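Colleague: What follows is the residue order along each chain.
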Amino acid sequence: MVFVIRRLLQSALVVLVMSLVVFVGVHLVGDPVHILISDEMTQAEIDAFIHRLGLDLPVHQQYLHFLGNALRGDLGNSFVFGEPALKLILQRMPATLELAFAAFILAIVFGIPLGMYAGLKPESPASRAIMAGSILGFSLPTFWVGLMLIMVFAVMLGWLPSTGRGDFGTWDGIRHLILPAFNLALFKMALVTRLARAGTREAALQDYVKFARAKGLSPSRVVLVHILKNILVPVVTVLGLELGGLIAFSVVTETVFAWPGMGKLLIDSIQRLDRPVIVAYLVITVVMFVVINLVVDLLYSALDPRVRLKEAKA
Amino acid sequence: MSAVVDALPLAKPESPLRRLGREFFSSPVATGAFGLLLLIVFLALLAPLLSPQNPYDLAKVTVMDARLEPGETSSAGFMMWLGADGAGRDMWSAMLYGLRISLGVGVASGVVALAIGTAVGLLAAYRGGWIDALIMRVVDLQLSFPAILVALILVAILGRGADKVMIALILVQWAYYARTVRGSALVERRKEYIEAAQCLDLPPRRIVFRHLLPNVIAPMIVVGTLQTAHAISLEATLSFLGVGLPLTEPSLGLLIANGFEYMLSGKYWISFYPGLALLATIMSINLVGDRLRDVLNPRLDR
Numbered sequence: 000m001v002f003v004i005r006r007l008l009q010s011a012l013v014v015l016v017m018s019l020v021v022f023v024g025v026h027l028v029g030d031p032v033h034i035l036i037s038d039e040m041t042q043a044e045i046d047a048f049i050h051r052l053g054l055d056l057p058v059h060q061q062y063l064h065f066l067g068n069a070l071r072g073d074l075g076n077s078f079v080f081g082e083p084a085l086k087l088i089l090q091r092m093p094a095t096l097e098l099a100f101a102a103f104i105l106a107i108v109f110g111i112p113l114g115m116y117a118g119l120k121p122e123s124p125a126s127r128a129i130m131a132g133s134i135l136g137f138s139l140p141t142f143w144v145g146l147m148l149i150m151v152f153a154v155m156l157g158w159l160p161s162t163g164r165g166d167f168g169t170w171d172g173i174r175h176l177i178l179p180a181f182n183l184a185l186f187k188m189a190l191v192t193r194l195a196r197a198g199t200r201e202a203a204l205q206d207y208v209k210f211a212r213a214k215g216l217s218p219s220r221v222v223l224v225h226i227l228k229n230i231l232v233p234v235v236t237v238l239g240l241e242l243g244g245l246i247a248f249s250v251v252t253e254t255v256f257a258w259p260g261m262g263k264l265l266i267d268s269i270q271r272l273d274r275p276v277i278v279a280y281l282v283i284t285v286v287m288f289v290v291i292n293l294v295v296d297l298l299y300s301a302l303d304p305r306v307r308l309k310e311a312k313a
Numbered sequence: 000m001s002a003v004v005d006a007l008p009l010a011k012p013e014s015p016l017r018r019l020g021r022e023f024f025s026s027p028v029a030t031g032a033f034g035l036l037l038l039i040v041f042l043a044l045l046a047p048l049l050s051p052q053n054p055y056d057l058a059k060v061t062v063m064d065a066r067l068e069p070g071e072t073s074s075a076g077f078m079m080w081l082g083a084d085g086a087g088r089d090m091w092s093a094m095l096y097g098l099r100i101s102l103g104v105g106v107a108s109g110v111v112a113l114a115i116g117t118a119v120g121l122l123a124a125y126r127g128g129w130i131d132a133l134i135m136r137v138v139d140l141q142l143s144f145p146a147i148l149v150a151l152i153l154v155a156i157l158g159r160g161a162d163k164v165m166i167a168l169i170l171v172q173w174a175y176y177a178r179t180v181r182g183s184a185l186v187e188r189r190k191e192y193i194e195a196a197q198c199l200d201l202p203p204r205r206i207v208f209r210h211l212l213p214n215v216i217a218p219m220i221v222v223g224t225l226q227t228a229h230a231i232s233l234e235a236t237l238s239f240l241g242v243g244l245p246l247t248e249p250s251l252g253l254l255i256a257n258g259f260e261y262m263l264s265g266k267y268w269i270s271f272y273p274g275l276a277l278l279a280t281i282m283s284i285n286l287v288g289d290r291l292r293d294v295l296n297p298r299l300d301r
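So the sequences go chain by chain: F and U.
Oh and the first sequence: position 227 is 226 in numbering that gives the first Met the number 0, straight run, nothing missing.
Oh and the second sequence: position 145 is 144 in numbering that gives the first Met the number 0, straight run, nothing missing.
What the hints contain is simulated information worked out from the structure, not anything from laboratory work.
Just so it is clear, the structure is predicted and the values come from calculations on it, not from any experiment.
Just to be clear, a hint being listed does not mean it is correct.
What the hints assert, rightly or not - Rough simulated footprint, nothing fancy, chain F against chain U, three-plus residues with beta-carbon under 8 Å: (1) 143-153; (2) 228-238; (3) 250-263; (4) 268-277.
Even glycine gets a Cβ: it sits at the ideal position worked out from N, Cα and C.
Take these sequences, add in the hints, and give me the full structure.
Modeller: Have a look at this one:
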């Protein structure tokens, strides 16, 4: 329980620090009047706006003002759409989450079998090819892979649509999802492959695996039940931590595939200097990150009590 | 002078640099990657001499050449063997100049980040206490967010422009260097030669720079190499997204972005060749860095 409270307090602290960073960045580094006010306002409107945002107050009060507004969910209106920035971000969120979860599942479905194969037969040519592929997956820039996927599967072969999003749950929606999800999954797939390979190599030498073999269990049962079960926990934990990374990287994939999610909105907003939307994106993403890290930490400590004990000792 | 050299004993112990070279080049893959990297640096440095056209000189670029296919002859009479982009720029020339910018931005930001990260990491390791705790909290906080997200936040706050992108890349990278340097400096600090230097009452500055720093250089080189590839990839990504370098200085990422719209109509070469150049750069640096890690740190089991 102490552990849970400590983690909660730490998370709250991170959110507070990040809010300070965003505040300093947007309100102090740049001229907030320039940043937050569109060109078409009259002087009277600007004065009223400055007063409403509390920009005539001393700095520490300005920060509290910003914090108070943010807590009430008021992060300003988008210059471009004239709607609350937070609402715009939340509207785009399902598309991003759909993409991120599809990539998450792809990474597991492909990464674990490939990694387990490479771990069971480390010397075979196929395993070497898998490991070489995982190095490529780590180092190729995501946007370039996306372009190549479009070039091959959409332009040359014409199998799949190149850009956009179909209706959720329909065949068309799935067809639109395949390329972007694969693109986003590639990096994590490489990671899962490596983790699963390392885990399999370690598990294959353990006594319980030897015992299961000695008992006369079929090789497929040993691999699919005894080994798989034991590598699943670390792999899923690491991948859970990487879920935030998927959401961050979806900015790139969404732009390449014109996928109408939060990331594409962020890039469009940076280009249009639509600052309230940028701030709203940052706030949402930071909170999302902190929550994901917290949940994974708590789950991990529940699964592996050593983490808690180490923390208590330190 | 030569008499002195001749007088030296012949069976000299192998110098560390020579040993490093011998072990490095014993891997054919690493040797190939090193050769490729040399070629890329050479192409980037000599871009003005090797390109038939200055892609920034608008007087030399004509729309008449727009989207010429690879191998066609330009209106100025030279062969565009990688084709031309939407504005009629020779892709080979644009690619060489883009390579120059991508490499320059990546290496320059890497060097500055290395300097900052090393200074901060050494400070944290040598001083310890609350300074160390504070620095490492900041590093941990930053590293808990993916680099691309931190870079986007910074670009969103700072705005566009080459200098802003450089600042963003430096701020993204310093934490990696600080963590690495602190880690190895902490190990070295506990060794006897540091204790001896402290007993001699040498000033801390001398201990840190003359004794500690030379012994943490190996991991710095490894992280520096891999991090440079990362910085180049990150800059290309930002430029591709349209929030990186300005249009007047097209890096590889921007060239790829410019060709993107043509790719859908089958004109692949505008994006494809700069992409290939980017890929060759990143892969060769990564392979060299991986090999350096194996050679410089034999204890590391992979």
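Colleague: Now tell me if each hint is right for this structure.
Modeller: Hints, one by one, checked against the model:
no., hint, in the structure
1, 143-153, "holds (count 7)"
2, 228-238, "holds (count 4)"
3, 250-263, "holds (count 5)"
4, 268-277, "holds (count 4)"
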